Amino acid sequence: MSNGHLFVIGATHHRTPIEVRERLSLDADDTAALRDQLAALTGLREFTVLSTCNRIEFYGVAAGPEVAEQVGSAFCRRQNFDPAEFASFRLELRDAAALQHLVEVAAGLDSQMLGETEIFGQMKQAYAAAQAAGNTGPVLNRAFQKAFQAAKQVRTQTAITTGQVSVANVAVELAGTIFGGLSDARILLLGAGEIGEKTAKAFQSRGAASLTVASRRLERAMELATALGASALPFEQREPRLAEFDIVVCATSAPEIILPGSAVRAAMARRPARPLFLIDQALPRDIDPAVAELENVFLYNLDDLARIAEENRAAREAETLKGRAIAGEKARALWQQLAAQVTAPSSTPASEPARTSASASAPETR
Amino acid sequence: MILPFTDRTWLWLAAALYLAGFIQGSIALFKRGRPAGGATYALILLGYLAQLAGLGLRGRAVGGCPLGNAFELYQFTAWSAITLYLVVGATFRLSLLGYFTACLASTVTLVSLLFPSWDAGQRVRIFGPNPWIELHAALAVFSYGVFALLALTSLMFLLRHFSLKSKRLGGWFSFLPSIRDLDHMGVRLLAAGAAILGFAVAVGAVHWARPETVVNLEKVLVTVAVAGAAFALLLLRLRGILLARRFAVACLILYAAALLSLVTVEPGRGRVPARPAPAAR
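Chains A and B are the protein sequences, given in the same order.
Read in the working numbering, the first sequence has 334 at position 334, and its numbers run on one by one without any break.
Read in the working numbering, the second sequence has 103 at position 103, and its numbers run on one by one without any break.
Keep in mind the hints are simulated off the structure, nothing from the lab.
All clues stand as given, with none of them false.
Sample of chain A residues facing chain B (criterion: CB under 7 Å; computed from the structure):
id	residue
1	T177
2	I178
3	F179
4	G180
5	P272
6	A273
7	E295
8	N296
9	F298
10	D304
11	E311
Remember, it's a predicted structure, so these values are computed and weren't measured experimentally.
We put the beta carbon where it would ideally sit given N, CA and C, even for glycine.
With the sequences and hints as input, model every part of the structure.
Quick look at the structure:
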C-alpha cells in the first residue's frame, strides 16, 4: 500500500506570535538555500514554499509518511530553530484538508486581515517561482491552478473583500462614495502626527490629486510635507484657504476646535456645489460638530470611522462560513481528481537535478 | 413578422420582463445583499426588445409614431427611459439604476396596460402629412423619458445623501454611485431633457402655427410650463442656488408633474376624431 500524500506544514499567525514569526521568516538568500536542500530530499516529489510576514508554509507531494517531518526538520536546521518548539505551533494538514487550506489561503479566508487580496498575488508569485524552478509537477500544478480559480469564486460569491477594515482605509473608501475617483481631490491634512500621516498616505496611495500639510509647528509641517511629497501651509491659513480643498483630515492634539462652523460655512459659500468631506481624527475633536448639518458637508469623526471599520470586519466574518463551504467543496472535488496521482507509487527518483531553488518571499498584508 | 403576437401581447411581455427584472433585482438585493447587475440588465434588454416590437407593430398600424392616446404615451415614455438606461447603465457602474429603472418601467407599462380605456381611442395618422409635427411629438415624449431617468438618479442621490449623513454605508447602500457622480448625472440629464423638450416645443411652435390647424391651448400651456420648469431648474442649479438634496427633490417633482401632464398633452385630444385602428399584428 502506498503512503503517498499531499501535505502542507508550516506556521501561521493563528498560533505563532510575531516574535516567533520573526525568527522563522526567510529572506531571499535563505529561501534559495532552503529550496536547494528540500529539492535533495528523498521522497519529496513536488513542493512550493510560501513565505510572507504572516506565514511560512511548505506545500508538497510526499512519497512516504516521514517526508513532511523531514521538510520541517530541514527548515528548523536552517533557521537554527528548536524542532520541538516548532512542533508546538506547527500547522500540518494532509490531502483534501491541505487542499482546502490552500484554497482558503488564496482566497484570503485565512489571512490576519480577513479577505485581503495581497496574499493571492504572493501565492501566485510563490507558485510561479516553484514552477519555473521545476519544483512543481502535475499534482501541485493542478492544485494551485484550481485553488486560484476557487479563490476567485469565493471572492465573487461572498462579500469577504467588501468594506475596508482599517480606519485610514475607511476614510478613503468614504471619500470614494462622495467624490467617485480621487484624481481631482485636493486634501488638506491638519496636524503632523502619526494618525493623520497614515490617513494622508492612504489617500495618496489611491491617487489623490494633491496633499497639503498644515501644523501648528510650521517646521514639522514642512518636514512631513517633504517626506510625503506634499506642500506645506501655515496653520493660520487653514480657514481662509479652506474652500480650496475637498477633503480635510484633522488630527491635531489641539485642546480646542480648530475648524469652527463659521469657517466651514464661509468655505461652502465659495464652493456650494462641491462636496466637502471632513475627517476629524482628533481627540478632543478639531471640527465643530454642528457643521455636519450643512448642505454638501460630510463630517466623520474617529468613532464613526472606527464603527464602520468594525461593521465591515463583522460583515466579512459573517461571510467566512460561506467562503469556507465553497473552499471545502472545491477541495473535495479536486482531491477526487488528484488522489490517484498522489497516492500512486513514485516511478521517478524522489529528488531530481531539475529541482533548483525558487520561492517568493513578500510581506503579507496584516 | 417576428411572432404571431398582437402589439399588446408584445407590450404585456415587455412589462412582464421589466417586472421580472425588478423582482430578480429585489431578491438579489434583499437576500444576497447586492444588485443583480448583468441579470437585471439582460431582462431589461429583453423587455426593451419586446416593447420595441410592440410599439413597432402599433406604429405600423397607426401609420406613424404611436403617440395617439394615454396608453401609447406612457408606453413610449417608459421605452425612452429604458433606451437611455441601456446606454447610461452600460457605460457607468450603475447597477442599482437598472433595478430602479426596472421598477419604474414595469410600473408605468403595467398600469397603462391595466386600464383598457387608456387605449380605447387609437387614432390613425394623427400627425397628418407633416413629419415635423411627428418629430415634435416624439421628441417631447422622449424628453419625458429623460426626466424619468433623471427622477431615478435623483432618488438614488437622496438615498446616497441619506446614507452619508446618517453614516449607514453598508448593505446595498454600498452599491450606490458616489454622490458627486449622481449629482453630475442629474445635471446632465436635466440639461438633455430640457434641451430636447425645448427643441420639441420650438418645432411644434413653427410647424403648428398655421391657420389650418387647431392647437389645444391647455396642451400648449402644460408643455411650455414643463419645459420652462426644466430650464428654470437647470438655471438655478448652474447658478448654485438649488443644490444637492433640494435639487434632487425638485427633479423628482418635475418628473411627477411631467408624468401627470401627459394626460393633458395627449396628441390630437379634442382635435381629431378618434376611430378604431386596424387590428395590429
